[in-house]
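Colleague: Make one complex out of these two single chains by using the hints.
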Amino acid sequence: MTFFTDENLVIAEEIIGRYPKPRSAMIPLLHLAQEQEGWVTDEAMTQIGELVGTTSAEVLGTCSFYEMFKRHPVGKYVINICTTMSCALMGAGDLMQHAESRLGVKSGSTTADGLFTLEGAECQAACTEAPCLQVNYRHQYRVTADQFDELLEELVSPDHGVPDHGVLSQIRQHIPEDRSVGAVPPEEVTIAPVWLSEDGETQ
Amino acid sequence: MSEMTGTPIVHAPGFIANETPRIVTARFDYEDSYTLERYEATDGYQALRKALDQNPEEVHNEVRDATLLGRGGAGFPAGVKWGFCPPGVWPRYLVVNGDESEPGTYKDRLLMELDPHQLIEGCLIACYAVGLSQCFLYIRGEMAVAQERVAQALNDAYEAGYVGKNILGSDFSVDIVLHWGAGAYVVGEETALIESLEGNRGMPRLKPPYFPASIGLYGQPTIVNNVETLANLPWIVQHGAAAFTAIGTESSPGTRMVAVSGHVKRPGVYEIVNGTTTFRDLLYGNDMCGGIRDDNQLKAFVPGGGSAPWFTPDQLDLPFEASQIGPQGSMLGSGAIMVMDETTDIPAAALTLTKFYAHESCGKCVPCREGGTWLEQILRRVVTGRGTPRDLELLIEVGETICPGDFPHAAVPSKGIEAVPFPYRMTTICFVGPSAFAPIHSALTLFREEFEAKVAGNENKTMIEVAVDV
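Chains A and B, in that order, are what the protein sequence lines are.
When the first sequence is numbered by the numbering used here, its final residue is 1387 and no position is left out of the sequence of numbers.
When the second sequence is numbered by the numbering used here, its final residue is 489 and no position is left out of the sequence of numbers.
Just so you know, these hints were derived from the structure itself, not from any lab.
Heads up, a few of these hints could be off.
[Stated by the list, open to error] Calculated pairs, DSS-like style, for lysine-lysine (alpha carbon to alpha carbon, straight line, at most 27 Å):
id, chain 1, residue 1, chain 2, residue 2
1, A, Lys1205, B, Lys226
2, A, Lys1254, A, Lys1290
3, A, Lys1254, B, Lys383
4, B, Lys69, B, Lys226
5, B, Lys383, B, Lys434
6, B, Lys434, B, Lys318
7, B, Lys383, B, Lys226
8, B, Lys383, A, Lys1205
9, B, Lys184, A, Lys1205
10, A, Lys1205, A, Lys1254
With the rest of the complex left out, here is chain B (with noise of 0.2 Å):
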């Protein structure tokens, strides 16, 4: 496919092409993808002198016409939370999260490491349109190689006159800062990675007001824009929204990137139509997964990241959209799909998920500190065998206190169980906590039988009784 000759470098592995138009990992087949002279040489930063010749204000309304909706988990379009920003309130700036720690999310890594100038291309647009006067590209601290192409990329990037004073000879200029984390997952919440920015402990802040757009960085309207939506922008800006518009619904357009991890045939990232495609077209399609591993029952998989309660086979013709999603009582989240067969332990898959949420609290908010800890520490002796039934009902009654009602979940038709819908009530600033839950009470809800099996024998025992062989 490269005519020209690239340094062979270890690409980051995963991605899989498929039918789907390629909008964001189009460049993913160059083995030099990452490079400014192959960027440029595919139409690269074209989009950038386009958004020159037009009114930043037209192109704010090219990328609202687009509805791109936010590819960071919540699925907010970028071109209304654009329109937040309070009118005469100056400077404004752009923070870019790049801080993709979302339990089974894998993409915005490798659209740092393997097409930077994209991501600044969309940097850049983003600037122009909204009238953001400086840039600050947070990339996760555990990603070196992101670090490296990333940095390269801008040095590069300045070097060429496409970022920095006078932006290709126009009044146009914008300083895009390369910034990275030192670990902490609670800071991809946007008001925690401003914290971060900022040089604090990464603690989400108190809402109102709910978005940065009106106080965020040094106090100032801040725009925090995932890597993957800002990845969207230059072929947006290049096509037109009526383009992007004609992939995928009218509520969610174009394509998005999800990861498939877990116990399918072929795990991958594949760039996939937003709207239309289903989750038995991802996991069992000949150009996607091919199916569950060994040929093995599908017993439950995550759709949306670490925190979206879970599926199971009932729900694998729900397409990626978003509100089909919701009323069937989960979330599309981060494009993480994460896939459990039949062999499966399920209340030690959950564990995985609820010990990560105890680990990443922050510790600002006592249900979750305390909570997610409790949530771990009593499903871990469930899971080796050391738990009683009364810790089943604990379990619900910890989670509660985090999440208080209701909680969403999937329905079993089988079992009588209806769906109860997105969203969910909770006690805490940020989801963390809710997270922590999520994993035990879709588990608990979906295979109770399961856990009952992991507690009986110990109906009569004391928790010391249980702990100690006595």
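Okay, chain A solo, but in the shape it has when bound (with noise of 0.2 Å):
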């Protein structure tokens, strides 16, 4: 079963050698995935398994748990309101008043075009920013309804700066092969790393 492009396939053989147990890879690939589809579909799961030696089940298992990780479409942009306490204090409940206003749809559902899907969300590190949000992950500070209505505004039109749902970082680690030590199973591990001797003390 093939989901991946081929492109994303090298970046998914990559990302798997860089782990002792290519299972670790389990979580970066579901973002893969996510990345090229916008959210984790059956396909997907099937062949991530297939990539790092599980079931899809194990794999559905994995990506359940997570947040981040959707098993159906959602909007081009997800718009998280944070909803904890410092973000509460500051007034994020009038906040999500005014968005599920703004966008015609209660938090948790999707506009009808497809372009927003709203969430309540968790504590987002942004505390003294209060109360923040964040569109695809990246933060939006000291919202208020106006900047709210702004932000709608400029992400439809061109050249925001935010990429599609899925997509988290656009700079990828790559380690270049003459300076990658390389990951080794552990049980093939046995002795102390060079730069100590076998007990622990300095050579």
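Modeller: Now the structure itself:
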């Protein structure tokens, strides 16, 4: 079963190669699948299972635990409004009400045009800049109702710089082959690293 | 300040400088603080060179002597934690905990976005000192910009020979692998972090063993350190443990980053002197938060992240010193202070935290999975005026199934309430369950009258009668 594009398959193999055990690549590969499709499809989970050497049920088990993995299509822009204490103290409730009426959907739903999914989210580590929200996991700080409206306008105009839902880091780690130490399965390592002696003392 | 020109970028906002010595935030004033060029121009990777000239054991001793307390929440000394690796068991791994998500906590994201090379250098020093042969840098999934900054920094550091094979021409070789999560608070717990890194559901492991240093990633000795903890290492190695312990107090040396949010005039992230700075300095100092918004009265504050029992103005003069906070009924946790002024609806504020922990329960332990959900539901009906006086007792009863016995809380001298010290007993593997109870217990103990006002008039009604207007 092929889900990944040829280009993404190369990236997937590179990611798997960095871990001592392939299964560790599961979450990064689920992100890669979501980047390609906008959500995580059954086909993606089947292929990820094949790539890391486990069943698609195991992949679903991991996938379904994590909030960010969507098992159904969502909007091009997922807007997460923080609702935890600091933001709540600074007006997150009003912001959410405004967002719901402006978008015409309740929290947890997607607009009919498929552009926006609105969600209430938990603490986003921007507590001093409350109330905050994230669009596809990029922060907006101290958001007023007017700023929320401006944000929506910006997102439907070109060149706003926010990638589609599913794209997280736009920079990938790349370990050059000549610099890589390489991942070794733990059972194949029995001695101390060379800069230490066997008993952990220095050579 | 910057004589080099950097690319104009939108910095993660929030950091406010003051007179405190700047150990981990020193580069935050530069627009290009996150670049390799800036890092190298400001003593970057000099500590790594210095470490490589010493024996690994000497470096480990330096860190142990510095009494660098873990900055993630538990406050355990990093140098001691490193020493828990069983001798002769290889390989050993380093897992960096960048899954910052405790309510109110905002510092590790700043360190990753604004000075990723400092974190990378800290990782290298730890790996060298303890003989860790691979490092996994686990960044919270929802932090796209931090992932970008660290990815770029790693690519540049590999290219420049600081990371990877034969670092700076020595026999020290280590890969640092960027890994990222997908949204689960509980993964900040170190054994859950390891489960997640193994590709599993992020559920905490049964204890003992208490420290992954004995059995961790793939069953191997594993050091899990917080981002801020590791970010301190370059400074400690370069300036020495004595210079570090000269700042702060003997048992809480150095500085620490704290985020103050909520109802203060200048909410922000501050680097403060550990051990001596008091909550009053922080909340009212002119070089810090400058007082409560609109000059209102302070009502309560959460001193150490959403899991911490609350303080009131009675505790303002306590310093950031764990040995003094514990006996007063709370903890310093992750350096997150959330401030509530006199206008705050206390039961409603408690609900914003309890619903967080109920939502984030991984479901492994029944008292947390069921208890957290019930605590949220009962508190929600109290907050919305649908509760009965019996509900206030029920909240405590449910909480006691998660944390049997006396739960820690602060003293309220005016009401004759004495402090109950840390820690508490718990029926769960990790702290998520107790954390759902902590805000309710604090709010009910310190501000019971506000809860009673919410249920007044419902005394003789059944639950159904208050739920449905009949």
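Colleague: Measure nothing beyond the straight line between the CA atoms of Lys383(B) and Lys434(B); if it is 27 Å or shorter, mark the hint as holding.
Modeller: violated (39 Å)
Colleague: Straight-line Cα separation of Lys1205(A) and Lys226(B) no greater than 27 Å?
Modeller: holds (24 Å)
Colleague: Holds or violated: Lys383(B) and Lys1205(A), Cα atoms, limit 27 Å.
Modeller: holds (25 Å)
Colleague: Would the pair Lys1254(A) and Lys1290(A) pass a check requiring their Cα atoms to be no farther apart than 27 Å?
Modeller: At roughly 18 Å apart (the allowed maximum being 27 Å), Lys1290(A) and Lys1254(A) satisfy the hint.
Colleague: Hinted pair, alpha-carbon criterion (27 Å max): Lys383(B), Lys226(B). Please report holds or violated.
Modeller: holds (13 Å)
Colleague: Quickly compare the C-alpha distance for Lys1254(A) and Lys383(B) to 27 Å and report which way the hint goes.
Modeller: It holds: about 22 Å lies between the C-alpha atoms, which stays within 27 Å.
Colleague: Does Lys226(B) lie within 27 Å of Lys69(B) when you go C-alpha to C-alpha?
Modeller: This hinted pair is violated, its Cα atoms lying about 38 Å apart.
Colleague: Given the hinted pair Lys184(B) and Lys1205(A), is their Cα-Cα distance within 27 Å?
Modeller: Holds, at about 20 Å.
Colleague: For the pair supplied as a hint, Lys1205(A) and Lys1254(A), is the alpha-carbon distance within the 27 Å limit?
Modeller: holds (25 Å)
Colleague: Please work out if Lys434(B) and Lys318(B) have their alpha carbons no farther apart than 27 Å.
Modeller: Within the cut-off at roughly 15 Å; holds.
In terms of the numbered hints stated before, the structure departs from hints 4 and 5, listed from lowest to highest.
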